[in-house]
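> Read top to bottom, the protein sequences are chains A and B. Here my numbering is used: position 139 in the first sequence is 139, and no number is missing along the way. Here my numbering is used: position 146 in the second sequence is 146, and no number is missing along the way.
Hints in this document: simulated from the structure, not taken from any laboratory. Just so it is clear, CB atoms sit at the ideal spot from N, CA and C, and this is done for glycine as well. Some hints could be false.
[Unchecked claim] In the EDC-like style, the derived pairs of lysine to aspartate or glutamate whose C-alpha atoms are separated by at most 16 Å in a straight line are: (1) A:26 x A:38; (2) A:19 x A:74; (3) A:26 x B:4; (4) B:19 x A:138; (5) B:19 x B:87; (6) A:19 x B:138; (7) B:19 x B:74; (8) A:19 x A:87; (9) A:23 x B:138; (10) B:23 x A:138; (11) B:26 x A:138; (12) A:26 x B:138; (13) B:26 x A:4.
[Unchecked claim] Stretches of chain A that chain B covers, calculated by requiring three or more beta carbons in the stretch to come under 8 Å of a beta carbon on chain B: (14) 13 to 24; (15) 137 to 145.
2 protein chains.
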Amino acid sequence: MADEGLAAETVCQVALVVKDIEKASKAWAEALGLPVPEASLTGPAEETGARYHGRPTAARARLAFFNLGPITIELIEPVGGPSTWRDGLGEGDGAFHHLAFRVRDAERTVERLQAQGMEVVQTGDFPGGRYIYVDGRERLGVTLELLASRP
Amino acid sequence: MADEGLAAETVCQVALVVKDIEKASKAWAEALGLPVPEASLTGPAEETGARYHGRPTAARARLAFFNLGPITIELIEPVGGPSTWRDGLGEGDGAFHHLAFRVRDAERTVERLQAQGMEVVQTGDFPGGRYIYVDGRERLGVTLELLASRP
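Chain A with its partners taken away, still in its complex shape (with noise of 0.2 Å):
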């Protein structure tokens, strides 16, 4: 059973978005007790090729990312255009964003997710991979994020 379902991929990221990385990344590494990692940029829309609602869009992000073994806590600051990041973050300081799950067949993730009543909000690339978040916000609690090596 657990073959037809996210239970069969595996669960690898925790991610939240905040208003200010650097601040952020240096409270979660004193919390961690580990080094204050350093914040990347995401690829502009011509490389990333991201879609949000189905429509290109400008937005970055500002990753930070602390590897705790099984499970990576991401940081998100929101940059530029519309996004689901920043949505998710509104007027606040920071905010859980998503649960990400890597996928082998992200196409039939899809699938099964929008024939539960989910629908996927936006997309992107990054080297090596693609990511695709799936909104379950109304049916699960939470946007989920499929994580995919590019074909």
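On the provided structure of chain A, position chain B as indicated by the hints.
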């Protein structure tokens, strides 16, 4: 350096608060491809000794768990008195609530997080252990749960 922070502990749980645990369990089971777990009810106040903002509370919760290997997804439906669960749910159907770490020395971890500006918001016992919620929302963007074996 990791000896001095949560990175030295085991991150073990991503927890959500939900309005209707049967509905949420069914939706998650479908997304994950796992059987629908049976919900359990936490013990009454005289068993759990639950405290919310330092005061005894009659808060209880219905819980359901999905085991994804290194990480468990926990669904929490608030029942009874005031609690951080109820606060987290607000008017919605479901929302991320906390990230849990299994800790070896809960008191030392709490002291360390308090020194960083975070406060204990709720505590309670469960069979074999004790939970401590630390409000990291302002500083980290999320509430942390520390899970300790009963001394």
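> Determine for every hint whether it applies to the structure shown.
Status of the hints after comparison with the structure:
Of the supplied pair hints, the one linking residue 26 (chain A) and residue 38 (chain A) holds, its CA atoms being roughly 10 Å apart against a limit of 16 Å. Annotation: proposed proximity of residue 19 (chain A) to residue 74 (chain A) holds, straight-line Cα distance about 13 Å (limit 16 Å). This hinted pair checks out: residue 26 (chain A) and residue 4 (chain B) have alpha carbons roughly 15 Å apart, not beyond 16 Å. Simply put, residue 19 (chain B) and residue 138 (chain A) have alpha-carbon atoms about 11 Å apart, close enough for the 16 Å limit, and the pair holds.
At roughly 12 Å between alpha-carbon atoms, residue 19 (chain B) and residue 87 (chain B) fall within 16 Å of each other, so this suggested pair holds. The straight-line distance between the Cα atoms of residue 19 (chain A) and residue 138 (chain B) is roughly 11 Å, inside the 16 Å bound, and the hint therefore holds. With a C-alpha separation of about 13 Å, the suggested pairing of residue 19 (chain B) with residue 74 (chain B) holds against the 16 Å cut-off. Annotation: proposed proximity of residue 19 (chain A) to residue 87 (chain A) holds, straight-line Cα distance about 12 Å (limit 16 Å).
Under the criterion of a C-alpha separation no larger than 16 Å, the hint pairing residue 23 (chain A) with residue 138 (chain B) is consistent with the structure, at around 11 Å. The straight-line distance between the Cα atoms of residue 23 (chain B) and residue 138 (chain A) is roughly 11 Å, inside the 16 Å bound, and the hint therefore holds. Distance restraint check for residue 26 (chain B) and residue 138 (chain A): the Cα-Cα separation of roughly 13 Å lies within the 16 Å cut-off, and the hinted pair is therefore satisfied. Straight-line distance between C-alpha atoms of residue 26 (chain A) and residue 138 (chain B) comes to about 13 Å, which keeps the hinted pair within the 16 Å bound.
Straight-line distance between C-alpha atoms of residue 26 (chain B) and residue 4 (chain A) comes to about 15 Å, which keeps the hinted pair within the 16 Å bound. For a cut-off of 8 Å, the count of residues in the segment 13 to 24 of chain A with a CB near a CB of chain B stands at 5, and the three-residue condition holds. Counting residues of the segment 137 to 145 of chain A whose beta carbon lies closer than 8 Å to any beta carbon of chain B gives 7, which meets the minimum of three for the stated coverage.
Checked against the numbered hints above, the structure breaks none of them.
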